[in-house]
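Here is what each chain is made of, one letter per residue.
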Amino acid sequence: MIREYLTFLYRCFRLSFVGTAGYYVWMFALSVVALLGLNAYCKQFVHGMGVTGMTDHVSWGLYIANFAFFVGMAAAAATLVIPVYIYRNRELSHLVIFAQLLAVATIIMSLLFVVVDLGRPDRFHHMMLRFNFPISMLTWDVISLNGYLLLNLHICGYLIYAAYRRREPTKLFYIPFVMIAILWAFSTQLVEAFLYCGLGGRPFWNSAVIAPRLVASAFAAGPSILIIALHVISATTDYHVPEKAFLTLRNIVRLAMAASFFLLMSELFTEFYTDSAHVASARYLFMGLDGRHGLVAWIWTALSLNAIGLVILFTPASKSRGFLIAAAAMMIVGVWIEKGMGLVIPAFIPSPLGEIVEYTPTPNEWLVTAGIMAFGFLVFTILVRVTIPVLSGKLAFDRPYDPTRADATPATNSGAAGA
Amino acid sequence: MRRAARTSLVLWLIGPAFLGVAAYLALASPPASIPIDQMKIIPRDAIKGGAWRVAKVDAAGLVAGSDRPCSECHKLFTTPPGENKALVQHKDIVMNHGMNTRCLNCHDGDDRDALVLHDGTRVAFTDTPRLCSQCHGTVYRDWQLGTHGKTLGSWDAKDEKHRRLTCNECHEPHSPAYRPMPPLPGPGTLRMGDQSRPAEAHGKRSPLRQWSTPHTPAAPEQPAEKSTESGGGGAS
Amino acid sequence: MSIRIHEGNSAGVDVTRRSFLRTGAAVAGGMAALAAALSPLKELNPEEEFSLEKFIQKHYKEMTPDDMKVALERIAGDVERRYNVRPDVRDFRPRAGVEFVYALNLSRCIGCRKCVHACVAENNQSRAPEIQYIRVIEMPRGTMDLEKGNHHYDRPSVPDADHFYMPVQCHQCANPPCVKVCPVEATWQDDDGITVIDYDWCIGCRYCEAACPYWARRFNFVKPEIPDADINKDMGYLSNRPRPKGVVEKCHFCLHRTREGRQPACLEACPTGARKFGNVLDPKSEVSQILKTKRVFVLKEEVGTLPRFFYYFDERYPRSLDPEAKEIALSLGYAPSAGGWTPPPGEAPRGTNHGEVTR
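First to last, the protein sequences are chains A, B and C. Each number in my numbering comes from the position in the first sequence (counting from 1) with 53 added on. Each number in my numbering comes from the position in the second sequence (counting from 1) with 602 added on. Each number in my numbering comes from the position in the third sequence (counting from 1) with 2 added on.
It cannot be assumed that every hint is accurate.
Which residues of chain A face chain C? A few of them, derived with a C-beta cut under 7 Å, are [unchecked claim]:
| no. | residue |
| --- | --- |
| 1 | C95 |
| 2 | T192 |
| 3 | L252 |
| 4 | A333 |
| 5 | G407 |
| 6 | R452 |
Within a straight-line C-alpha distance of at most 27 Å, the following computed DSS-like cross-link-like pairs (lysine-lysine) qualify [as the list claims (entries may be wrong)]:
| no. | chain 1 | residue 1 | chain 2 | residue 2 |
| --- | --- | --- | --- | --- |
| 7 | B | K760 | C | K150 |
| 8 | C | K235 | B | K650 |
| 9 | C | K296 | C | K71 |
| 10 | B | K760 | C | K296 |
| 11 | C | K63 | B | K763 |
| 12 | C | K247 | C | K63 |
| 13 | C | K294 | B | K642 |
| 14 | B | K642 | C | K247 |
| 15 | A | K372 | A | K297 |
| 16 | A | K297 | A | K224 |
| 17 | C | K150 | B | K806 |
| 18 | B | K763 | C | K286 |
| 19 | C | K44 | C | K63 |
Calculated from the structure, these hints are not laboratory results. Backbone N, C-alpha and C define an ideal beta-carbon position, used for all residues, glycine too.
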């Protein structure tokens with residue numbers, strides 16, 4: 054049994070190094086970016102967080118912004134799981150696994166973003182020794198992320214291994230976990246939002262609408278990444294992705310983005326119509342404050358991208374793949390900016406004592422960020438790379454997969470699947 | 603197969619390409635740069651704790667820095683009541699105590715080693731609160747409660763080191779108001795950026811607009827760091 | 003395991019060898035790149051940064067007296083190695099029956115920033131980059147909105163007649179948000195009300211920094227730099243011992259002084275007596291009297307943090323700058339003279355000087 058499983062892992066490991074020229078180029082490029090990021094992180098580790106653009110004024114920056122974004126991406130796996138397991142949409146059932154693999158990769162990214170944000174990563178074990186649970190929301194976050202990672206690893210691992218064994222998966226072994234994972238996905242977003250909105254000293258965050266906003270924007274950007282990932286999978290492998298999948302995702306994205314805009318408008322009205330002192334951060338974000346405009350271009354870019362994407366999605370044009378991909382890309386970039394530059398950073402400007410210190414990420418910080426993203430995509434690519442042959446029955450316990458013996462279709466292309 | 607050849611070529615290139623990356627990282631990767639400002643040197647004297655000034659007459663009744671009491675000289679020089687002239691010795695004294703402009707309002711004309719209350723009671727130089735309380739009643743009340751003035755040694759009144767400073771350990775009696783002083787340098791934190799601010803403006807509708815001030819630094823009236831004109835003053 | 007890592011169009015020995023070489027080159031290249039990526043780590047000084055002793059050191063509250071002795075000895079050794087000064091590091095515990103409170107008289111504060119720099123000197127704060135626990139904010143008339151204040155005022159002299167000055171430091175809240183959010187309990191409120199930090203336990207997540215409404219916390223973005231000659235040798239474990247890089251620090255009411263009965267350094271340096279410190283549980287203490295007799299307020303009361311740091315005004319504005327006083331003096335016939343006032347002709351009777359008229 055154990056031997057069997059180790060063989061499975063070994064085969065997966067070997068398989069992840071096999072592919073076409075495109076696969077190798079893609080994997081090499083990701084490795085290089087990941088290495089550059091590792092190098093940048095080593096510099097940060099040696100010299101301190103001073104190599105980032107963060108300050109005592111803006112004490113969280115690009116890392117936590119990306120953390121917030123990728124936690125949302127992970128939660129968005131639920132957007133495919135819900136139609137399948139709650140609404141019994143059988144056509145999409147075999148695509149769920151990709152959403153869950155995406156969740157695995159994005160949680161790994163989120164956790165890495167937290168780790169690189171720590172001033173003393175060497176003391177990480179203090180978490181185990183004195184865990185301020187349930188008082189600190191950060192401890193909730195640690196539990197929610199790791200729990201979600203384990204849930205998804207279990208579900209994916211079980212389903213893939215069952216396919217590898219050519220066995221019908223036993224429902225009892227995964228359906229309960231899928232249901233828990235759905236609730237858990239929402240809770241990760243909730244905990245993530247509570248991390249920010251529980252702070253009375255930061256009026257910009259101290260708003261009950263933060264949690265629904267995070268869910269809405271995550272459920273717009275997450276399925277958008279899935280749209281692109283599924284498109285790449287269907288374009289580069291022989292794996293069949295039904296058109297229905299794209300249409301379902303398109304629906305989810307446009308509803309989520311519409312909800313996101315609605316919530317944003319509610320927030321903006323409250324802030325600007327009231328026109329109290331609390332509006333300072335929002336004013337800085339959207340209009341600039343005291344002659345400082347660092348985030349204005351970012352946020353308007355984000356909102357324009359999201360708005361254009363939303364318009365495209367509501368027109369029939371988006372049934373064509375090209376427009377759909379373009380709209381999805383706009384959603385991803387828009388939400389990425391909105392969560393990072395739009396949600397995390399402005400809360401620090403002005404500082405609680407009224408100083409305006411702007412934040413610009415340093416090149417080193419960008420490199421670390423890019424490195425983590427590259428590593429995450431690397432993980433996702435490998436996961437997809439080994440999953441597709443297993444699901445399509447080309448790799449099984451009784452059939453070691455040999456790309457050369459595969460059918461005439463360009464099955465060996467299955468690699469280049471990262472978003 | 604062209605595909606195979608292409609894949610093979612890519613695989614051949616990966617090794618050297620990785621070596622190229624290694625070379626870049628080892629040799630050309632830019633070092634971490636952190637814009638750390640130069641240290642500001644703050645003179646220790648400027649932040650020394652303690653009493654703000656040293657009274658001109660010490661606890662023993664001697665003129666600070668000498669071994670003689672006031673009466674040594676004032677045996678010869680008397681001060682007519684009404685007069686307020688600095689003759690030889692006290693040219694350094696600047697009288698700026700409101701309408702209290704006469705020496706003998708506070709100094710005892712008969713016993714130059716003592717101060718005097720309005721009713722003629724003599725008071726030691728060390729007991730300035732009693733003297734000053736005649737006019738500054740509310741301040742005296744606050745001082746008694748400990749809410750005005752400075753306390754050194756200990757915050758705990760039961761501690762023997764607890765010492766409440768008297769009026770003239772902070773105020774120069776002849777010119778008691780604090781003089782403006784140059785501030786020590788402002789903060790300069792990491793990556794603080796430009797912190798110059800636009801002029802303070804109360805909006806058009808602000809009821810405060812007529813009192814809003816242009817953000818121009820006021821010219822110093824008397825840019826003196828500490829009151830030094832009286833005797834041993836200046837020590838802190 | 004018959005997964006082949008080549009296309010195998012001609013599965014000859016030659017191809018296998020070539021494929022082996024190819025793979026070997028890729029793996030070697032990858033390893034070289036990995037090693038090169040990790041190369042900045044060789045600048046680390048592992049002895050200084052990560053000793054086993056530090057790694058296994060317990061949380062402050064779990065340390066036995068013996069553990070503490072070992073830790074203090076290690077800290078003293080570290081300081082001596084780094085700054086060539088043998089410090090006296092001690093562990094100061096709160097006194098029973100004491101709850102510290104700070105009160106600051108805004109009518110007296112002139113904004114000279116002596117407290118700021120006295121604090122830096124006392125608490126071994128980093129000089130480059132600068133870490134300061136106290137911020138003095140120059141506030142314009144008619145507002146308590148800190149966003150209208152200026153931290154960076156640079157005048158030839160202070161105070162300025164049109165501003166008041168508001169120093170802000172850690173408020174030692176009775177309901178501290180920073181303590182709530184810390185994931186590892188590296189910061190907590192002691193019995194005397196001081197919120198302390200175990201610098202050897204903090205993981206540097208800066209959540210407390212985000213949570214503090216008073217911007218009281220500072221993070222060591224780099225290794226703090228202090229000239230050897232400026233080290234204050236009188237050190238406390240929870241207070242002013244030199245901090246490592248990557249941890250958070252803040253004002254601790256000079257606990258290494260105040261738990262011994264002394265006054266905080268900022269108070270001692272204040273030239274005007276604007277700063278008042280003491281035990282609020284003692285009804286006769288100066289701070290109790292202030293809370294009782296002055297109209298005190300706290301900053302940002304609406305955030306519910308219950309600060310132990312109170313502000314009050316007890317006068318109009320600095321008397322030295324009082325323009326009305328001049329008018330009164332003129333109306334009474336006094337004539338301005340060099341540095342003072344010349345009384346009107348004719349002798350004024352004794353005992354009529356009731357007004358507190360200054361220039």
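Here's how the hints hold up against the structure:
no., hint, result
1, C95, "4 Å, holds"
2, T192, "5 Å, holds"
3, L252, "5 Å, holds"
4, A333, "6 Å, holds"
5, G407, "4 Å, holds"
6, R452, "10 Å, violated"
7, K760/B to K150/C, "42 Å, violated"
8, K235/C to K650/B, "16 Å, holds"
9, K296/C to K71/C, "44 Å, violated"
10, K760/B to K296/C, "23 Å, holds"
11, K63/C to K763/B, "32 Å, violated"
12, K247/C to K63/C, "22 Å, holds"
13, K294/C to K642/B, "41 Å, violated"
14, K642/B to K247/C, "20 Å, holds"
15, K372/A to K297/A, "10 Å, holds"
16, K297/A to K224/A, "25 Å, holds"
17, K150/C to K806/B, "16 Å, holds"
18, K763/B to K286/C, "17 Å, holds"
19, K44/C to K63/C, "35 Å, violated"
Violated hints, listed in ascending order, are 6, 7, 9, 11, 13, 19; each of the other numbered hints is respected by the structure.
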